Amino acid sequence: MDKMRRTVIGAGGAGLLASSLPAGMAFAQGAPVKIGMSMPQTGGLGAGGQAALIGLRMWVDDINAKGGLLGRKVEFIVYDDQSNGANTPGIYTKLIDVDKVDLLIAPYATNPTAPIMPMVKERGLLLMGNFSFQVNAKVHHDMWFNNAPWGDAKNWSEGFLEAGKKAGAKSIAIFAADAEFQQNLANGCREVVKQTGWNVVYDQNYPGNNTDFSSIIRAVRAAKPEAVFVACYPNEAVAIMRSVNEIGLGSQVQIFGGGMVGLQFGPVMQGLGSLLNGVVNYNSYVPGMKYPGIEDFFKRYSERAIAAKVDPLGFYLPPYNYAIGQMIEQAVNGTKSLDHKKLADYLRKNEMKTIVGPISFDKNGERAKPALVQAQFRNIKDGDYEQFKSPGKQVVIWPASEKQGDVITPFDKARKAT
Amino acid sequence: MFSVDLIFEAVLFGILLGCFYAAVSLGLSVAFGLLDVPYVAHPALLILGSYFTFVLSQTGIDPIVCGVLLMPIFFLIGIGFYRFYYETFEKRSSDTGVRGLAFFFGMSFIIEVCLILVFGVDQRTVVASYIGSSLEIGDYRFPYRMLVAFGIALALTVALTLYFSKTFNGRAIKAVGQDEGALRLMGANPVKIKQLAFGIATAVNALAGAMLIIVGPVEPAMDRIYIGRTFCVVVLAGLGSMSGTLVAGLVLGIAESIVMMTFGASWAPAVSFGLLLLMLGVRPQGLFGR
Numbered sequence: 007m008d009k010m011r012r013t014v015i016g017a018g019g020a021g022l023l024a025s026s027l028p029a030g031m032a033f034a035q036g037a038p039v040k041i042g043m044s045m046p047q048t049g050g051l052g053a054g055g056q057a058a059l060i061g062l063r064m065w066v067d068d069i070n071a072k073g074g075l076l077g078r079k080v081e082f083i084v085y086d087d088q089s090n091g092a093n094t095p096g097i098y099t100k101l102i103d104v105d106k107v108d109l110l111i112a113p114y115a116t117n118p119t120a121p122i123m124p125m126v127k128e129r130g131l132l133l134m135g136n137f138s139f140q141v142n143a144k145v146h147h148d149m150w151f152n153n154a155p156w157g158d159a160k161n162w163s164e165g166f167l168e169a170g171k172k173a174g175a176k177s178i179a180i181f182a183a184d185a186e187f188q189q190n191l192a193n194g195c196r197e198v199v200k201q202t203g204w205n206v207v208y209d210q211n212y213p214g215n216n217t218d219f220s221s222i223i224r225a226v227r228a229a230k231p232e233a234v235f236v237a238c239y240p241n242e243a244v245a246i247m248r249s250v251n252e253i254g255l256g257s258q259v260q261i262f263g264g265g266m267v268g269l270q271f272g273p274v275m276q277g278l279g280s281l282l283n284g285v286v287n288y289n290s291y292v293p294g295m296k297y298p299g300i301e302d303f304f305k306r307y308s309e310r311a312i313a314a315k316v317d318p319l320g321f322y323l324p325p326y327n328y329a330i331g332q333m334i335e336q337a338v339n340g341t342k343s344l345d346h347k348k349l350a351d352y353l354r355k356n357e358m359k360t361i362v363g364p365i366s367f368d369k370n371g372e373r374a375k376p377a378l379v380q381a382q383f384r385n386i387k388d389g390d391y392e393q394f395k396s397p398g399k400q401v402v403i404w405p406a407s408e409k410q411g412d413v414i415t416p417f418d419k420a421r422k423a424t
Numbered sequence: 139m140f141s142v143d144l145i146f147e148a149v150l151f152g153i154l155l156g157c158f159y160a161a162v163s164l165g166l167s168v169a170f171g172l173l174d175v176p177y178v179a180h181p182a183l184l185i186l187g188s189y190f191t192f193v194l195s196q197t198g199i200d201p202i203v204c205g206v207l208l209m210p211i212f213f214l215i216g217i218g219f220y221r222f223y224y225e226t227f228e229k230r231s232s233d234t235g236v237r238g239l240a241f242f243f244g245m246s247f248i249i250e251v252c253l254i255l256v257f258g259v260d261q262r263t264v265v266a267s268y269i270g271s272s273l274e275i276g277d278y279r280f281p282y283r284m285l286v287a288f289g290i291a292l293a294l295t296v297a298l299t300l301y302f303s304k305t306f307n308g309r310a311i312k313a314v315g316q317d318e319g320a321l322r323l324m325g326a327n328p329v330k331i332k333q334l335a336f337g338i339a340t341a342v343n344a345l346a347g348a349m350l351i352i353v354g355p356v357e358p359a360m361d362r363i364y365i366g367r368t369f370c371v372v373v374l375a376g377l378g379s380m381s382g383t384l385v386a387g388l389v390l391g392i393a394e395s396i397v398m399m400t401f402g403a404s405w406a407p408a409v410s411f412g413l414l415l416l417m418l419g420v421r422p423q424g425l426f427g428r
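Chains as they are written, first to last, in the numbering used here: chain R, 7 to 424; chain S, 139 to 428.
If you're looking for bench data, these hints aren't it; they were derived computationally from the structure.
From a predicted model like this one, the values you see are computed outputs, not experimental measurements.
Positions of the beta carbon are idealized from the N, C-alpha and C atoms, including for glycine.
You may find that some hints are simply not true.
[Unchecked claim] Just so you have them, the derived chain R footprint on chain S, three or more residues with Cβ under 8 Å: (1) 257 to 263; (2) 396 to 407.
[As the list claims (entries may be wrong)] No farther apart than 25 Å at their CA atoms in a straight line, the calculated lysine to any residue pairs in the SDA-like style are these: (3) R:K79 x R:G299; (4) R:K348 x R:Q336; (5) R:K422 x S:D277; (6) R:K315 x S:I248; (7) R:K171 x R:A228; (8) R:K171 x R:G157; (9) R:K305 x R:K348; (10) R:K296 x R:S407; (11) R:K419 x S:L273; (12) R:K387 x S:L194; (13) R:K315 x S:G198; (14) R:K230 x S:F401; (15) R:K422 x S:Y268; (16) R:K200 x S:G402; (17) R:K144 x R:A228; (18) R:K419 x S:I269.
Chain S on its own, in the form it takes in the complex (with noise of 0.2 Å):
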């Protein structure tokens, strides 16, 4: 049961699901990391990407290009649903983090509820010629839908982290949760600054949404999943890092796989949550925080 052959494959597919799990949180990664916004409408925004890559889909488009093609309306998804909690709760000040936990919990209901309205509860899946099918390499077998989601998840995290470091509107996002006020006296505007942050979360949730429905099928109430994980990924990662989501997705996926190949899959939440209970006891920053 235990053989080094198994084992090996385990870390290799764990991998692949620990690309996943970071593609994934990265959009959580940017609005909880680092603008300290509670966005549990993240995975509810992840299912809704998935959705519209199966409408979009139906015209023969690939399902990778039409979560490209979302991005631009869930920027400005973003940017609305941005703009409606700093007026109504960021603007007023106080309990910004309960009253916007509520908020965010009641969009995900509403995402939940119409997407239920408008398809039904079935589930739903694409078509594509890398989906059912997978890589041979000797005895090993590698889901093509796996590789793309670990291509998806290695390119956002680099276009993440270079926008981050390289531009002034990155820079400017990474400091924003830090210090507003020294922002302002930078001559930036921290409101439009957290904007366009939010913009760009909601835009990652487009592609990753449409790698989510890639990965398997997916239903209305399927969020749900979503939240515990996402939400252990970025704090295992040190909150904002993107790179530390890609590390603590692959920490994630590795030690799930292991646990599924060799003792059963009913241990692997409880070892995904052990090693977050165990990050926080011995490092509370998170692998990549400061």
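For reference, chain R alone in the conformation it holds in the complex (with noise of 0.2 Å):
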């Protein structure tokens, strides 16, 4: 009596459970399908990582809503990796041992995800790159897919370089932060530079801990440079876009910037307001660039990002981020599998339909076509958010494909100019 008592009220209780779910949800069954991360939530990074877990958040909200993976919810697991390399093996560790997750994404930026690459390797296991560089030039791991816009090392300072070389500059100077990420950048530009024959006047590294750059950028004014490219990570970029407007970089400058990270971001931008203008900086994203779903992307993001006091326009990661979801949903689906080498192998083989556009993979996991712009400041005022939102505030001079305008130089004629 008892047992059928329970059974009657088990049935009733499942029932009114899936009548109350969305219609989508209701064929949901089994164990979850677990995805698990670290994402830098909390220290330099973490402003630029809350902002790509609301993307992330906001496919896998989208995907369960329309039945999970292989008929299964999908569960997220997140821990906050602080910014700090240091702790990722650990997490990894954890989220395959202890969590068991059927798929694994990487953290967002190069120094949290270098220091797991060697256990993906080893272990076999697929990793949905998110936004690192050259963390695979070395590892050569097969089953590595990176969601981030970029090519080669090179790619990135390609066309700061030739907008500075169509305005006569013919020495540079570089500056970059000790850590593996703007390294590899800035050993990019200088092979690039190599290439040019360019002069280089100045080419020195900061500690990722320095508060105040009017010392950098003073020497940097003494060496008289054409152009100067920097690579830092968003807890420099403003206290260096200070320190240019009080110490100067002097009138011969043609063209500043290159492989700025944190002038990608919403408050890094409104902070700096005017101070942005004239710089021409990388970027994934800027108004005006059309993709298929973007803006509904931006609009359904912008509500979330307020609610949770993180980036309200988030340009730089939230869609890419949202594209990783998108490309295991296509894989998974395409495969009807979450075997790791089946996964990998479409992934290779297939090109990706994201809200960034398509996206298919070179042999070493990055993009086989990469998408990454150089852009100028123009126009921006102080202590306006919503101005970030209109094309023409950041004009797409590199690549060809999406030129919006042609670059103003010198740089102290870029700043004034309206």
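Hints given; two lone chains; assemble the complex.
Set out below in structure tokens:
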């Protein structure tokens, strides 16, 4: 009797639960598909990481609303790596051995990702890359697929240096943080500079915990370069721009910027305001670039970001993180499997359709057709957040396929241009 | 590269940078230098001061005025911290150093997490007429924000030096670190004196925190950057010396500035801690220690 009552109550409860779920979720059954990752949610990369996480959570919600993967609900497990690469091997070991996740996504950025590459290769696991740079260049893991729009090291500086060359620059100053990502970027720039025959008049690194850049900018100014290439992370970007404004670089500088992470983030852009004018810097998306579905994404993202006190613009990382989910979805649906080798094979051979455009991969798991742009900040006013949503505030100057205008040089003139 | 002009400029800027280092270390010089309390939550309170300044400055008040207005609140926070530390560790007397270290580390993590929960992880900055522009003298340019830091450091050092040498409570604070028993014989209550000193050390953080957010943007985890540097300045100075803290800050600032402008910024931290090791080897009591 008791057993029958429990069965009836159980069946009734399950029915009630099923009827309360959205239509698409009702057929999700079996153990959930666990997708795990670490994400910098605090520390220097925390601002970008939290915004990126919203993009991924949006995909998780969307896929679960559609019934999950292979008819199973998607469970998303994420830990904070505190922007510290030393934490990521331990976190990913836990994800694999304790949480027993089905699929892995890499943390945002190069420095937290690089330490886990040998481990995922050794274990033969698929890893969806997340805006890291050249972490697979030496590891050669054949199950690595990076969502980032850039190609090799040269890809970052080609457009920047091309614009400088057109302006007649023949000498360059390079300064970069002492960290994996920034050094890779600077090395790419050095390589291109070598080919162009420019004179390198200043080439220095700085420690990641540097708080004031006045001394460095003074040294750069004393070297009288015609182009200044900077590779930095968000924490340093604001301090560098302030020092550039205070100390000045000299009227001979034609072009400034290149590889500054941070100038893509809403709060940083708002904080710097007019100090951004004239800077030419890399980007993954600027208003005016057309991708199917991206405007709807930003509309939904913005609502969630405001509630979470995160960058409400979210141009840089969030759509690319949503795209990671879209690629997983297509690979799993295409192979009807969670087998890492089959998924990797599918990702290698097929072009993925995402909200940041079609993505296909080369043999190293990087973008076969890089989509990185160099854009110049123009007409930026102080204290106006909304202005960054409009086209024309960041004008794409490279590549030709995305070009929205010509670069304004020299740097001093570009800063005053309206 | 090694022109006289550049070195001269490096020294001038090093003085400004050094005063900034001194100003963020003064509170620690009181708590750790004079009272021998392992106040590792000091940089976290600096960041807290910066965030409170950020909030207050949204009303249109100048960030420096915000820092001054926040000093009484931080004074009370400091008293609360010491009271808790005293009741929990010092009163029970055993292992105060190690336990105190754990306690203040814990406090700094709690402050950091609270800041993340309330403000998020984005960098915060303030707006003032003296931020982002510079004073031009010939070919030299001096950022006004660093000149402000210079002024605050000098004002705080002079005020604290006068207080510790000219007032009864100030002299009592200097005495309590040396001989509590003797102080008790003079009719002063060592616990209350330490409580007062801790309040002052923390109140100084409010103004130093305001200066920090004037000098550059802050984020909740930034305290970790300043733990090493502030302890370095205090030890280099000779524990508890206010004027020594200013001089140590200047030595560090000038050395870092010259190295950054000439040999490269990567060497700067090595120079700071190299100087500290040299000092510990040659003169363990520090520049102004007895």
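Now for the hints, and whether the structure bears them out:
Given as covered by chain R, the segment 257 to 263 of chain S passes the check, having 6 residues with a CB less than 8 Å from a CB of that chain where 3 are the minimum. Counting residues of the segment 396 to 407 of chain S whose CB lies closer than 8 Å to any CB of chain R gives 8, so the stated coverage by that chain holds, three being the minimum. For a cut-off of 25 Å, the pair hint linking K79 of chain R to G299 of chain R stands: about 24 Å separates their Cα positions. Restraint check for K348 of chain R and Q336 of chain R: the C-alpha separation of about 12 Å stays at or below 25 Å, so the hint holds.
As the CA atoms of K422 of chain R and D277 of chain S are separated by approximately 21 Å, the hinted pair is consistent with the 25 Å bound. Taken as a hint, the K315 of chain R and I248 of chain S pair is honoured in the structure, with Cα atoms around 20 Å apart against an allowance of 25 Å. For a cut-off of 25 Å, the pair hint linking K171 of chain R to A228 of chain R stands: about 21 Å separates their Cα positions. For a cut-off of 25 Å, the pair hint linking K171 of chain R to G157 of chain R stands: about 21 Å separates their Cα positions.
In summary, the hint linking K305 of chain R to K348 of chain R is not supported, as the alpha carbons are separated by about 35 Å, beyond the 25 Å threshold. Our distance criterion of 25 Å between C-alpha atoms is met by K296 of chain R and S407 of chain R, whose separation comes to about 12 Å. At most 25 Å may separate the alpha-carbon atoms for a hinted pair to count; K419 of chain R and L273 of chain S meet this at roughly 22 Å. Annotation: proposed proximity of K387 of chain R to L194 of chain S holds, straight-line Cα distance about 24 Å (limit 25 Å).
Using a Cα cut-off of 25 Å, the hinted pair K315 of chain R and G198 of chain S holds, with the two alpha carbons roughly 22 Å apart. The suggested pairing of K230 of chain R with F401 of chain S holds, with an alpha-carbon distance near 17 Å, which does not exceed 25 Å. Under the criterion of a C-alpha separation no larger than 25 Å, the hint pairing K422 of chain R with Y268 of chain S is consistent with the structure, at around 20 Å. For the hint linking K200 of chain R to G402 of chain S, the alpha-carbon distance of about 21 Å falls within 25 Å, and the restraint holds.
Note on K144 of chain R and A228 of chain R: the hinted pairing is violated, with a Cα-Cα distance of about 37 Å set against a maximum of 25 Å. Proximity of K419 of chain R to I269 of chain S is assessed by CA-CA distance (about 22 Å); at most 25 Å being required, the pair is judged to hold.
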